[in-house]
Amino acid sequence: MPEPVISVKGVSKKYRIGLADKKSDTIMATILKGIKSPLTNLKRIRNLSKLKDEDESIFWALKDVSFDVQEGEVLGIIGHNGAGKSTLLKLLSQITEPSAGEIRLNGRVAALLEVGTGFHPELTGRENIYMNGTILGMRKKEIDKKLNEIIDFSGVEKHLDTPVKFYSSGMRVRLGFSVAAHLEPEILIIDEVLSVGDAEFQKKCLGKMEDVSKNGRTVLFVSHNLDAVRSLCSKAILLKTGQLDFNSDVHAVIDRYISNYKTNILRRDFDAHDDAPGIPELKLLSAELISDSTDGILTIDTELKLIFKFYSDKQFSDFNLSLVLWSVSGTCIFNSITSLCAISKGEHYSQLTIPGGLLTNGAYNIELYFVSKSTKLFNIPELFVFELMDASRNGIMFGTGKGIVRPNLSFTIDNNRHVKS
Amino acid sequence: MQQQITIIRATRGWRGINIAELIHYKDLLWFLTIRGIKAKYAQSVLGVSWAVIQPLFSTLVFTVIFGSVAKIDSNGVPYFLFSFVALVPWTFFANTLTDSANSLVANAAMINKVYFPRLVLPLSSILSKGVDFIIGFFLLVIFLFIYRVTPGWELIYLPWLILVLLMTSLGIGMILSAMAVQYRDVKHAMTFAVQLLMYAAPVVYPTTNVPSQYQWAYSLNPMVGVIEGFRAIFLHTIDFPYHWVTMGSIVSVLLFVFSLFYFRRMERVFADVA
Chain B
2 MPEPVISVKG VSKKYRIGLA DKKSDTIMAT ILKGIKSPLT NLKRIRNLSK
52 LKDEDESIFW ALKDVSFDVQ EGEVLGIIGH NGAGKSTLLK LLSQITEPSA
102 GEIRLNGRVA ALLEVGTGFH PELTGRENIY MNGTILGMRK KEIDKKLNEI
152 IDFSGVEKHL DTPVKFYSSG MRVRLGFSVA AHLEPEILII DEVLSVGDAE
202 FQKKCLGKME DVSKNGRTVL FVSHNLDAVR SLCSKAILLK TGQLDFNSDV
252 HAVIDRYISN YKTNILRRDF DAHDDAPGIP ELKLLSAELI SDSTDGILTI
302 DTELKLIFKF YSDKQFSDFN LSLVLWSVSG TCIFNSITSL CAISKGEHYS
352 QLTIPGGLLT NGAYNIELYF VSKSTKLFNI PELFVFELMD ASRNGIMFGT
402 GKGIVRPNLS FTIDNNRHVK S
Chain X
4 MQQQITIIRA TRGWRGINIA ELIHYKDLLW FLTIRGIKAK YAQSVLGVSW
54 AVIQPLFSTL VFTVIFGSVA KIDSNGVPYF LFSFVALVPW TFFANTLTDS
104 ANSLVANAAM INKVYFPRLV LPLSSILSKG VDFIIGFFLL VIFLFIYRVT
154 PGWELIYLPW LILVLLMTSL GIGMILSAMA VQYRDVKHAM TFAVQLLMYA
204 APVVYPTTNV PSQYQWAYSL NPMVGVIEGF RAIFLHTIDF PYHWVTMGSI
254 VSVLLFVFSL FYFRRMERVF ADVA
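For the record, the sequence lines run as chains B and X. For the first sequence, the numbering used here assigns the number 2 to the initial residue and increments by one for each residue that follows. For the second sequence, the numbering used here assigns the number 4 to the initial residue and increments by one for each residue that follows.
It should be emphasised that the hints constitute simulated quantities derived from the structure, not laboratory data. Incorrect hints may have been included.
[To be verified] 25 Å max Cα-Cα, derived DSS-like pairs, lysine-lysine:
(1) Lys-34(B) / Lys-44(B)
(2) Lys-146(B) / Lys-29(X)
(3) Lys-44(B) / Lys-43(X)
(4) Lys-241(B) / Lys-15(B)
(5) Lys-190(X) / Lys-141(B)
(6) Lys-205(B) / Lys-215(B)
(7) Lys-284(B) / Lys-374(B)
(8) Lys-41(X) / Lys-166(B)
(9) Lys-43(X) / Lys-166(B)
(10) Lys-37(B) / Lys-190(X)
(11) Lys-377(B) / Lys-315(B)
(12) Lys-374(B) / Lys-346(B)
(13) Lys-142(B) / Lys-29(X)
(14) Lys-41(X) / Lys-141(B)
(15) Lys-190(X) / Lys-41(X)
(16) Lys-142(B) / Lys-41(X)
(17) Lys-43(X) / Lys-141(B)
(18) Lys-15(B) / Lys-44(B)
(19) Lys-147(B) / Lys-29(X)
[Claimed, not checked] FRET-style restraints, in silico, Cβ to Cβ:
(20) Val-55(X) / Asp-276(B): 53 to 63 Å
(21) Asp-276(B) / Trp-33(X): 43 to 53 Å
(22) Gly-171(B) / Ala-45(X): 52 to 62 Å
(23) Ile-26(X) / Gly-171(B): 32 to 42 Å
(24) Lys-204(B) / Gln-46(X): 35 to 45 Å
(25) Val-276(X) / Cys-342(B): 48 to 58 Å
None of the values given here were measured: they were computed from a predicted structure. Where a beta carbon is used, it is the ideal one built from N, C-alpha and C, also for glycine.
Using the sequences and the accompanying hints, generate a full structural model.
See the structure below:
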């Protein structure tokens, strides 16, 4: 077997997470804390970069991860939120150092963790092509040579001499991706950049990435979009809480990822106030998913009721909750938003009903956002994880139909024309 | 094609600068510098004229307050020229300090997303201030012409002084920028520290006003040699101060070398704490 292009051996990365401050309970203690705060701040900030002591505020974002990638392989990296995907990419792209272990890269690396890094709003599109290109490690000469190609690919030639601050966000993304697409590294590392831009441009990008891998270059691709991973990658690794869970061909890994999903999480209680997700002034206390199913099996016909209980320590005006339903393959199914209201100090409840006969079968997860004045206070990804089974149907067709939802609409065949007015 | 092997592992202790890598990224340095200049003067009515206004108005205020009201000795030359000559290098020094100290924090988003030698950020903020310095310098030439002052043969020492100025600015700038990533206090302190520091350098008064037994300690500040050197060249206030400039050169070289190592040492945690 030839020498691997990427060889990751026993790589770990630890971070320090902030521990909650002890609350002072007397006026005197508060004053004392205020006086001592420069000292405690100094200690805390110094410790951000010192990770020697193994105390409870150390968090292992990655632990003892090893794998090899051969030349020309397209490797997908999948895992839940917080599994360590982004940390792994940051290590591979040299943005930060591992705490232990070693990575060997055989060839020039380009990492695309963001589209359009270094874009300056006051500079024109043309100037930003050079800015972004050189940040990604290209030389001016290389960019000169490819400038026309980059401009053609981006489709913004008309506005090339306009400052980027007047661009729409879509144009900015297109320009950024065009620059990145014309890098010619031996190893290309890509993080979720396809989740931006319109469908047509995404298609163009996917095509470009396929070209890259066909030319024998190695690609690492991180995405929540399992369909994209499946179509692009030949192999994949699955990360789970910082550790390598599975390393195999892409279909086996995706199957495993989906089967991990099948343990339904239908109730979350956060009894200890300090551990409850949220910000100090606002905490989620519990979340429940109640179904009308009698045997505990959720099907596409089951009505789902979601009940959230949260506690607020102060008043919030223009407050709302926003709920996003994601499919396991990373497609957003819908986003439902409560109307704006003012909440006072105390406990509050919120309820949402997803009717039966709306979703198609498959695994889902729910993300909940707490919002005030159109600004996110906090969010909880993967609050619930559940799978909907196919209901026994009267029809002849089984298996997943087309489309991301399967609404039970009134769709009939008759001899007469009945139009309800 | 030449295969390039990169090994990524935890590093410890002090490391030197990777010159080859810096050379590879020289175009990035250039575009960051251009970006710094263009972005600064974009959408402003007076544009680059601001580079003239800053030292000019400071000089006018100093001339009125320190020259006419407080009647500070100016070694026998017009106070206006006396302080303007000092303000050309000083404005550069002060501006590069504030700008490079913020350079890493202001570009934290970039540091978190792409790998490139982080050193280009403070370097480019110093280079982009070079434009202001050159403009200030031309203004100085105009004033010398108006006052009919001819620089002496000591003009050959000008590159020496500029080198000391660059190494001092870069040295302190790199240390501050690396510290500012972790301690945001640097940013708050810089705004007024630069103003106070001006009084620790002979900008509004001559070094000859400092008691002679303390002058050697005073000249440990590399800006003393630079400013008095500028005055000696352009205004003939004193003989060229070899001893002060030499002292300043030694300090600036030490500072520069230390800052390079310090920056590299801190570099590895930038992305984790920025």
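Going down the list of hints, with the structure as the test:
1. A threshold of 25 Å between alpha carbons decides the hint, and for Lys-34(B) with Lys-44(B) the separation of about 14 Å falls inside it, so the pair holds.
2. Taking the CA atoms of Lys-146(B) and Lys-29(X), the gap is near 18 Å; set against the 25 Å cutoff, the hint holds.
3. With a CA separation close to 36 Å, the supplied pair Lys-44(B) and Lys-43(X) exceeds the 25 Å bound.
4. The straight-line distance between the Cα atoms of Lys-241(B) and Lys-15(B) is roughly 15 Å, inside the 25 Å bound, and the hint therefore holds.
5. Note on Lys-190(X) and Lys-141(B): the hinted pairing is violated, with a Cα-Cα distance of about 33 Å set against a maximum of 25 Å.
6. Taken as a hint, the Lys-205(B) and Lys-215(B) pair is honoured in the structure, with Cα atoms around 15 Å apart against an allowance of 25 Å.
7. Only pairs whose Cα atoms come within 25 Å are accepted, and Lys-284(B) paired with Lys-374(B) is accepted, the gap being roughly 18 Å.
8. Taking the CA atoms of Lys-41(X) and Lys-166(B), the gap is near 14 Å; set against the 25 Å cutoff, the hint holds.
9. Between Lys-43(X) and Lys-166(B) the CA atoms are separated by roughly 15 Å; this keeps the pair inside 25 Å, and the hint holds.
10. Simply put, Lys-37(B) and Lys-190(X) have alpha-carbon atoms about 22 Å apart, close enough for the 25 Å limit, and the pair holds.
11. Distance hint between Lys-377(B) and Lys-315(B) is fulfilled; the C-alpha atoms sit about 16 Å from each other, no more than 25 Å.
12. Between Lys-374(B) and Lys-346(B) the alpha-carbon distance is near 17 Å, which keeps this suggested pair within the 25 Å criterion.
13. Under the criterion of a C-alpha separation no larger than 25 Å, the hint pairing Lys-142(B) with Lys-29(X) is consistent with the structure, at around 12 Å.
14. Of the supplied pair hints, the one linking Lys-41(X) and Lys-141(B) holds, its CA atoms being roughly 18 Å apart against a limit of 25 Å.
15. Proposed proximity of Lys-190(X) and Lys-41(X) is supported: the alpha carbons are some 23 Å apart, at most 25 Å.
16. The suggested pairing of Lys-142(B) with Lys-41(X) holds, with an alpha-carbon distance near 22 Å, which does not exceed 25 Å.
17. Under the criterion of a C-alpha separation no larger than 25 Å, the hint pairing Lys-43(X) with Lys-141(B) is consistent with the structure, at around 23 Å.
18. With a CA separation close to 19 Å, the supplied pair Lys-15(B) and Lys-44(B) stays within the 25 Å bound.
19. As the CA atoms of Lys-147(B) and Lys-29(X) are separated by approximately 19 Å, the hinted pair is consistent with the 25 Å bound.
20. Our hint of 53 to 63 Å for Val-55(X) and Asp-276(B) holds, since their Cβ atoms are close to 59 Å apart.
21. At roughly 51 Å, the beta-carbon separation of Asp-276(B) and Trp-33(X) lies within the given 43 to 53 Å, and the hint holds.
22. Between Gly-171(B) and Ala-45(X), the C-beta spacing of about 23 Å breaks the proposed range 52 to 62 Å.
23. Here the CB-CB span from Ile-26(X) to Gly-171(B) is close to 37 Å, well matched to the stated 32 to 42 Å.
24. At about 37 Å, the beta-carbon gap between Lys-204(B) and Gln-46(X) stays in the expected band of 35 to 45 Å.
25. The supplied range of 48 to 58 Å is broken by Val-276(X) and Cys-342(B), whose beta-carbon atoms lie about 39 Å from each other.
When each numbered hint is compared with the structure, violations occur for hints 3, 5, 22, 25.
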